[in-house]
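Undergrad: Take a look at the letters that make up each chain.
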Amino acid sequence: MNTLTHPASYSPGLWALAWRRLRHDWVAMGALSIVLGFLLLILASSTGLIADDWDQEIAVNYAPPSFIGAQAPLTDIKQHQTAPPDNPLDPLHDIIAQLKREMHHAGTDRITLLEKRSTLPFGADKWGHDIIKKTIKGAETSIIVGLVAAVLATLLGTIFGAVSGYFGGWIDDAFNWFYSIFTSIPYLLLILAVAAVLQQKGISTIVLILALTGWTGTYRLIRAEYMKHKVREYVMAADAIGASHWRKMVIHIFPNVSHVALVQVSILVVGFIKAEVILSFLGFGVPVGVVSWGSMLNEAQNELILGKWWQLTAASAAMALLVTAFSLFTDALRDALDPKLK
Amino acid sequence: MLTLPSASRLTQLSTRRPNHRQPWRWPHQLVCLLALFFISTTTFCATSPADPDKVLHIPFEAADDGFDMVKNANLYSGWVSESIFETLLTYDYLARPVKLVPLTAEAMPTISNNGKTLVFHLKKGIFFTPDPVFKGKPRELIAQDYAYSIKRFLDPANRSPSLIFVNGKIVGMDQLVAAAKKSGKFDYDAPVAGLTTPDRYTLKIELTQTDYNFLYCLTYSSFGAVAREIVEGYPTQLASHPVGTGPYMLQKYTPRSKIVLVANPDYRGFIWNFHSSGTAWDNQLVKEMQGKKMPQIGKVEISIIEEEQARWLSFQNQQLDIDWLPQIATPTALDGEKLTPAMTEKGIKLFRAITPDITFSIFNFWDPIVGGYSLEKNALRRAIIMSYNIDDDIIQLRMGQAIRAEMMVPPGMAGHDPAYRSSISYNIPLANQLLDRFGYRRGADGYRTLPDGQALLLKFASTASASAKTASEIWKRGLDKIGLHAVFLVNNFADNVKAANECKLMIFGGAWQADFPDGENFLQLLYGPNALHGNNACYQSPAYDALYKKAVSLPLGPERNALYVQMNRQMEADSAWSLETTRIRNWVMQPSIIGFKKHPILNSLFQYMDIKKKTS
Amino acid sequence: MTAYLLRRLWQMIPTLLGVIVLVFFLFNWVGGDPAYVLAGKMSNPEQIANIRAQLGIDQPYTVQLWIFIKQIVTFNFGASWSTGEAVSSIITTRMGPSMTILIPLTILETVIAIALALGIAFIRGSLTDRLIMIACTVGMSISILVYIILGQYVFAYQFGLFPVQGWGDNLWENLFHYSALPILIALAVSVAPDLRLFRTFILDEVNQDYVRTARAKGLSERRIVWVHILRNAAIPIITYVMSNLPALLIGAFLIERFFGIPGIGREVILAVERSDFPVIKAITIYVAAATMFFNLLTDLLYQAVDPRVQLT
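Protein chains in written order, with the working numbering: chain A, 1 to 342; chain B, 1 to 616; chain C, 1 to 312.
This is chain A alone, in the form it adopts within the complex (with noise of 0.2 Å):
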């Protein structure tokens, strides 16, 4: 038989047949088409297409849902609004006089109230904020700091495991001993810790703690990995025509480990985001002005009692939705690139 005109069959490799696998599964499109749907309404949310004037006060404090209708205002308190009196020790006192004579006369001495709406589709915070587009807004910090701080955490991961796996002797034992003592203090004095050294509180701080705190799970993995292709053939084929050491862990062995990383940024994207409403409710979460998921379900925790369930179901129903879709694409995707199961 001649061989060179029969075409060799085609082998796909393993991207493609877990592709094929994924496709078949439809839990796993319904879960992924969902996630994309998330992703496009950050992509929405951040270039300013949509919510970009969540901070506009449009509502009366707690309107509610407009299924349920309008409810009478918290608190009916009307302060007794007297014009204050002249403090004559004032050395601004001629100064501020004055312009109060010429506002007076320009007749900009009074602020025009906007009208307020009593009712929004989901309702409205404290502020008067919409929560529709408050949870928008949510998505897109929360999202954000969670894949943001997922990739680092797994580059962190990765690095340290793939040099530790590979070099192995003392390099080995040094990285074992700062992994020990990182997984030995309690989680919650490593984030005060982190917290503290980086002083600067902002959303890159979260991302940061997150991603400092979060990168041993991936370390062990991709550490067994290293250590377990390290000794096979395709490995001392490529030390016998001369790779270095950098090229055969990056170019020959990382693409045969790369779907563990690519599981385990998953697995931290849900974790993260879970975690960010714990930090908030500790006080390292986001900073007044910005808004995520974790600030949004921090206010709602006095609202219940108050009978104003609208934001607390908001963000946790935003939030259970995109972290089971997520959850579940992550299963499939595991299930997908390991070819045993099944």
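Hints are computed from structural coordinates only; laboratory data are not their basis.
As the structure is a computational prediction, the values presented were derived from the model and not from experiment.
Heads up, the beta-carbon is just placed ideally off N, CA and C, and yes, glycines get one too.
Fair warning: there could be bad hints in the mix.
[As the list claims (entries may be wrong)] In the DSBU-like style, the derived pairs of lysine-lysine whose C-alpha atoms are separated by at most 30 Å in a straight line are:
1. LYS598(B) with LYS54(B)
2. LYS292(B) with LYS124(B)
3. LYS185(B) with LYS41(C)
4. LYS41(C) with LYS116(B)
5. LYS116(B) with LYS116(A)
6. LYS99(B) with LYS252(B)
[Unchecked claim] Computed footprint of chain A on chain C, listed as stretches where at least three residues anywhere in the stretch have a Cβ under 8 Å from a Cβ of chain A:
7. 129-140
8. 145-154
[To be verified] Sample of chain C residues lacking proximity to chain B, with all beta carbon distances greater than 10 Å (derived):
9. TYR4
10. LEU6
11. LEU9
12. GLN11
13. VAL37
14. ILE48
15. ASP58
16. LYS70
17. ILE72
18. ALA188
19. VAL191
20. PRO193
21. ARG196
22. PHE293
23. PRO307
Please arrange chains B and C on chain A, whose structure you already have, making use of the hints.
TA: Just chains B and C now, kept in the frame of chain A:
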């Protein structure tokens, strides 16, 4: 000598046939014997009228720090200690404005030498509760106990947070403190010229200078008398082993969780006979409690409950008897200033008390951006103050349970003028005009810069709590309206306190609750020489300081109070603080609780209250 | 075996030293100065200097580090700076309540998760399996904060089935009356992830060759699952349970805070708020030591469960 009738005689008595001419009577021997028996048992029984079945359940919203009041200034520790230890004087329960009355002293002290010498005479026959360290002998309260207690505050090894109340005030004490710092040990037996006990029940104090508020300092709850034997006998457990002369004693202590007090069985007690101050509440109290022997409540169970939801739900489940209404419960429990019908149906009672406190935001006068006494900087601070919406603060932050603080001295304290109105108020257009006038132009990003063109960034220091976040939001909304760029840095409490004390923060919030009922307690916070000593604004105004010095040299009264008003105007003129609110506490109690009226200074009121028992 | 044990214990020492040095420097450098918090409302620099001298934090770092190491070796961490209570007493008294929640929780959680996972393994791939897994995932995606808030409000207050919060005096009361709702809420949150994970472990085993052989031999499905599969799946299950234990010690602070339980988690938060170093340092060291000890225990259990495993 009475003898017990013999058994045979008793049987004879009982079987004697009733004689119609002489009805059967108790033999007189038996009567006397029985009478003696009952009298003796009552004498051996406790003298305290407290009923052990009357148990009061009350929550604390934060944990205490133990009950050695020299070592801590925790509000909740003080609350409990007030009922265990006794100070020389206390306040009249109902009188408003507050009035000092003697407690362990026989009468108010004799004051001489221009207010610098005070002589107290102690009541005789007051005893500490029994303790093994007293070796079985009853331990009487003597003047030396108060001298010892005061010295403990000055001992450097105790590093007392209440040092300020007595530091440098007593003649001869400074040498002793200096010697203690050098040798490492405070000599409690060394004589001190300004703190002497001429006899067993007399205490004489000589002050270094006239201090018209010193009596209030001595009445501060931390100055209850402790016994030296207890302090020396329990060196490491003193915080959990308080032994005092007061109406209650500590029965059980689970730190961070529960404190149980029981009535002191040997307490001398008193008869409830306070005079109404004229209000309907007072009249009701007098009607219910007049003439009763106090204390009535036999046991107090204090639970430490930090979360508001847990506290409120526990109260509604009747697991708690009295509490101050958590803010989140305000809309459901209150209708304006009264309880909602749902509450009154259950018989729940409400007492609204204006707390003698103020909340404010402090500008650091040493900061290059907001500090300084020039017109330009003054205008900047003035505009910032005018951008803070106090109505929003009251409605959103305090759920309507606060009033605007017009002056630094809150209602109920000496020096408060109900007619006083602050000269600064919320005014966005005016703030904008003021900043424009002084050259704070808007830059390309819409935020204002300094007149010389440099960036203007306001840094607010705050903590991680939910209320701090709400306050920051109120600030941000206001500052955005006047074009000032601000960031809100969250730090832990300890760091903030340190930086604040060292005048390193730019703008930060503060609150102060009265330690004693005079305006001086509040005005000292801006007194120049107190910079780095508690004056966290590092505000040093010669005009203000001159007024302050003059005021403290005058006896308490209208002349002094007029100076307080002047000081307030000076503070406003320099835009030193953004004065915000005074809080209102709504005390709610179950229908069985009677006799309660919150005192502005006193916290521990268990010995003045009673519980109506349910008639089954 | 003894050689292995000794070697492991010996290896713990550098790690423990690393933790000690790290904790020491972290909290002395960035932990916040406690002197001002302890100084009261109005303080002066003299007072602050005195407080620092009394607490011993004005001495050079090397001296303080040496004192710290001595404290660890003698198990005497001194007294809390804010309350004066002996730190060892704090730890021993707060351990009880924490354990009363965590031990029943861990046992219940593991048993329920294993039982459910085994049950599901039988019907793997079916619609029920899928649906249960999705339900678990949804359950996991709701934050524990939401569970606590809702649980307390609905079950304790609205339905009155449990006390809203509190802690009692004797063990039985605590175990059955006060711990019930906290444990239930914690179970609701933790069974779902456990179930998913254990299902994966068990499925890993189900596809192995020895199961096929056992079936070919004619063993009943029940015997295969309970005797063979469970035994093999036990290793990853044990690793997972043991590795979670030390984290649980501190991690339950949310539950403790909302339900008023005087446990270790709540103590740590309070200590951090006040920069109470003796308490923070002591708890960190104990938890670190506990973690290392649990790791060792896990490895020993490995050997007991799987005789193939060689402890080198």
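Undergrad: Would you check the hint for LYS116(B) and LYS116(A), treating anything up to 30 Å between C-alpha atoms as holding?
TA: violated (63 Å)
Undergrad: Can you tell me if the segment 129-140 of chain C counts as covered by chain A, using C-beta to C-beta distances under 8 Å and a minimum of three residues?
TA: holds (count 6)
Undergrad: Hinted pair, alpha-carbon criterion (30 Å max): LYS598(B), LYS54(B). Please report holds or violated.
TA: holds (20 Å)
Undergrad: Minimum C-beta separation from LEU6(C) to chain B exceeding 10 Å: can you confirm that?
TA: holds (38 Å)
Undergrad: Any Cβ of chain B at or closer than 10 Å to ILE48(C), or is the non-interface label fine?
TA: violated (8 Å)
Undergrad: Run the C-beta distances from TYR4(C) to all of chain B and say if the shortest one exceeds 10 Å.
TA: Label holds. Min Cβ-Cβ 41 Å, cutoff 10 Å.
Undergrad: For the segment 145-154 of chain C, does the count of residues with a C-beta closer than 8 Å to a C-beta of chain A reach 3?
TA: Held - the segment 145-154 of chain C has 5 residues with a Cβ nearer than 8 Å to chain A, which meets the minimum of three.
Undergrad: Beyond 10 Å from every chain B Cβ: check whether that's true for ILE72(C).
TA: holds (20 Å)
Undergrad: Just checking, PHE293(C) versus chain B, shortest CB gap more than 10 Å?
TA: Given a closest Cβ separation of 27 Å, the condition holds.
Undergrad: Is it correct that the beta-carbon of ASP58(C) has no partner in chain B closer than or equal to 10 Å?
TA: holds (12 Å)
Undergrad: According to the definition I'm using, a residue is off the interface if its beta carbon is farther than 10 Å from all beta carbons of the partner; does PRO307(C) meet that for chain B?
TA: The assertion about PRO307(C) holds, with a minimum of 47 Å to chain B.
Undergrad: Taking 30 Å as the top limit, are the C-alpha atoms of LYS292(B) and LYS124(B) close enough?
TA: holds (23 Å)
Violated hints, in rising order: 5, 6, 13, 14; the structure is consistent with all others.
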